[in-house]
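Please take these sequences and the hints and turn them into a complete structure.
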Amino acid sequence: MSERINIQKTYKLFIDGKFPRTESGRYIKWVDSKESTLVNICRGSRKDFRNAMVAARKASCGWANRTAYNRTQILYRIGEMLEGRRDQFMAELVLQGLTKKQATAEIDSSIDRLIYYAGWADKFQQVFSRVNPVSLPYFNFTVPEATGVVGAIAPDDTSLLGLVSIIAPVIAGGNAIVILASESHPLCSITFAEVLQTSDVPGGVVNILTGYRSELIEHFSSHMDVNAIIYCGNEGSDRKLVETNAALNVKRVVHFPEQNWSKDQHQSPYHILKCQETKTTWHPVGV
Amino acid sequence: MSPIFATPIDQIGAQERVSRLSSRSIKKESKVQALHLALNMIDLTTLEGKDSPGKVKQLCYKASHLHDSFPGLPNVAAICVYPTMVPIAKKSLEGTGINVASVATAFPSGMADLQAKLDEVTSVVDAGADEVDMVISRGKFLRGEYQYVSDEIAKVKEACGDAHLKVILETGELVTLDNVRLASDLAMDAGADFIKTSTGKVSPAATPPVVLTMLEAIRDFQAKTGKKIGMKPAGGIGTAKQAIQYLVMIKETLGEDWLSPNLFRFGASSLANDILMQILKQSTGNYQSKDYFSID
Amino acid sequence: MSKTIKWEYSPAPEGTDHIKLKKQYELFIDGKFVAPNSGNYFKTINPSNEKMIAKVAEADKTDVDKAVKSAKNAYEKVWSKMPAKERGKYIFRIARLLQERAREFSVIETMDGGKPIRESRDVDVPLAAAHFFYHAGWADKLEYAFPGRKANPLGVVGQIIPWNFPLLMAAWKLAPALATGNTVVLKPAETTPLTAMKLAEIIQEADLPPGVVNIVTGAGKTGQAIVNHANIKKIAFTGSTDVGKYIMKAVAGSGKKYTLELGGKAANIIFEDAAIDQAVEGIIDAIFFNQGHVCCAGSRLYVQEGISDEVISKLRNRMETLIVGDPLDKNTDIGAINSKMQLKKIESYVKMGTKEGGSIFQSSCSLPNKGFWHAPTIFTDVSQSNRIVQEEIFGPVLAIQTFRTVDEVIAKANNSPYGLSGGVWTDKGSKIFKVTKDIRAGVIWANTFNKFDPASPFGGYKESGVGSEGGIEGLSGYVDLG
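Protein chains in written order, with the working numbering: chain P, 1 to 287; chain S, 1 to 296; chain G, 1 to 482.
Check the hints yourself; a few may be wrong.
[Claimed, not checked] Taking CB as the label site, the calculated pair distances span:
(1) G:Lys55 - P:Ser214: 47 to 57 Å
(2) G:Glu305 - P:Cys61: 19 to 29 Å
(3) G:Thr354 - P:Asp225: 26 to 36 Å
(4) P:Met224 - G:Ser359: 46 to 56 Å
(5) S:Asp257 - G:Phe42: 46 to 56 Å
FYI, nobody ran anything at the bench for these hints, they're computed from the structure. Glycine included, every Cβ here is placed at the ideal spot set by N, Cα and C.
Next comes the structure, spelled out in structure tokens:
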């Protein structure tokens, strides 16, 4: 009796709520540590990034204008969907080299992190807004507002928790994001896109690319329509490149060193603020 | 009546404009010139229940003899009195060129029926009043009966004949600058020759934001119709400094055409002496004492 | 009755006999006034008559290094160890001293920079004192500014400020930096260094520990030395977007923090239902305040079509009442352009605007012969594609367009790489909230313009900058949250 042949998954990009192959037709061979599984990962290109940016820009305004309550529910929904697909993530995380115990912990943390930021989406504005006591007959108030479109280079050493820890605060704050997944651990990142796609996240709000960091980092940081760039990784030439290119259009730069993302200190409403602008409005008080 | 489109006025913005205008520093020759001009714009006023013929006579004398020991001073523009005092004032001022203004239309409240008001106007004009200072029906205005208010002004204007009509809005009772603007537009549309802030019997009387709002209404009315309407702030203007600030406001809002008693008056009772003191200070270099200026 | 008269305001110059100015200003390092390493001095002139006011020391790399050393030493040994409430008292003391000497500071600010005395007296100096006052109180209350976190100072902060609000910008920079426990090396602009040096005198009088504030004068090179100094933890800069970008590149990869207040090209939007006379006043304030040398100036005016004739006609009339001339005269509305270089830039933009097909109107004021002057100027018949609509002129030049719908005007307002400020004028409340929300800019003035307060955060979106100054948000740029 012959063994049943598995159906293998094609890992594609996630742009505008859809799963296209890279326009470049290129691929990266990915093999697990036991060399038992071979996957062809899309080698995303500059044009893929450009397309993702167009989608993100288009989606950003509508997302920012959703009610905070709605964003909260959608983030919660992402958590729900992730919870329901534990097995799949477990398998991929193990394939990527984690023990089952480690994988369970990473999935738990990722779900909890989504729920954490779901809870912040309708509160951070309240906590960080103010009415300022100006010395003139004016009502003056300050609110945080989404920066716009965020480009992000995800942490390389963690493929799920790191990705979630970057995406969640960015979209909780009403931004759209284009994120380059971990180069060495890409599988979960694409599978996470499937979670997003089934979680009522509007197309274009989150876009996930795979590919070579060394090839794409230049484009992420130099694109003139990116409002903020998040760079995860250690000090070095990449960070300098990102920060230098950020000057082109005065991008906000956020840097996270390699770190253990499971620690509680790496979740915070202050992370949401990193991709927020401060808007202050004045109006006279009179009759 | 033509439809009235309310022009909104932002109170804080108006106040800011006023404080900027009042920060003008008027010194030296420009101050002397302003003081003389202001003196010449005064409607010397007495509007009290206890007014007597004697007091009105004294006031009329003062109107043309402001401070005889200091020659070269102008006269005031007019004397403003109650209807019963018109004949006395008229007689006392004969030959001086100083006008007699009479309040009318059940001043200060305006609480009388239209016919009674018109009769009063006719009688003061017959008695020789050159100018009539009427009050609008604030109750009607505040109830939104703009047509009534407008018709009333138009009828009073008719009854005035050749006499100049000043329409008192009593801005202290209109409360908002939006109302002040609307009432100004309405009065000018209905035929006012002058618009005037207050009776002097209600506080606040003339305030700088109110006057600015009315001046802007006058300016816009001229742009629309070509007609030049006069302005008279009244009540609460007791110092030369205030008067000069109003002159600055006129100059920078309406231009120099309005720097004339033909188009601008101060309704005041104690202003003249303060201006006189300032004029003498400018001339002698010494600050003055009230003891040297007659209190009529 | 008498005829109308011509009534002109007599000159009303503010007296200058009470001010104390030295012939030469040194660097303020480690609590002392010291000569520059190079021995070089540059002149600072009065732009309204081109006369030299004083010579000012030019700091080079060695001087900057000395200043940073002093600041680092003061930070480590004194300032970071001092109880926060004591730190606050020093800042209160500076605020009070500044209030007491307000008149002297106003006059010097006007002489050195060309702005009308009315503005330096009523805006710059009182606001500068208010900034010290407001921030002083924060020193021992920072745990309430950042819930759940501890606010730690950064160390030595380098601050580079512009020439348009010399003293006020020094206050904006120094007050929050000191309140949060940092020490400072500050560089004023080379055309307007005097009030900063006078402030150094106050700082000395206030007995602030030596090295907590160091003030080094000079031009771009001095600034470069600050930006590139290894022991400076953060750069706070206000100035042009070009220099802001240069700073971003210079500190890239170094881990230095920065806040940048850069250029702007604010849209000022007037709807048909606005209070028009107040709006006209707002347009005037928006573009002619401080000769238009204001990064948040409302330099793009959008008027709804139905009222455009009325607004433009009123605007022209109002422009004719602006008094242009001697900045020290208390009646002057528009003073001198800050420098010859800036005047040339403005003039070239005006030429460009005409060449691009815009219709120009300038008030008929007469300009003095000596000094740098520019008449208040507006352009109509321009469009989004004109450079005078897109680029920051930093002068008294307004570009006017009309619009029909809310969506159209919001799209045009946001059609700019800048996002510092914006204005909206309408009597309708819900429209205000719609438009103020949709404009992508950090400060929105509704039914007003160009209002400032130390409690009110100020900062830009997009290429107008990074971070805020003022209010709680302004503090966050000077702390590490632990």
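Hints, one by one, checked against the model:
1. G:Lys55 - P:Ser214: 47 to 57 Å: holds, 53 Å
2. G:Glu305 - P:Cys61: 19 to 29 Å: holds, 26 Å
3. G:Thr354 - P:Asp225: 26 to 36 Å: Between G:Thr354 and P:Asp225, where Cβ atoms are some 33 Å apart, the hint holds.
4. P:Met224 - G:Ser359: 46 to 56 Å: Because 33 Å falls outside the window, the suggested range is violated.
5. S:Asp257 - G:Phe42: 46 to 56 Å: At 51 Å between Cβs, range holds.
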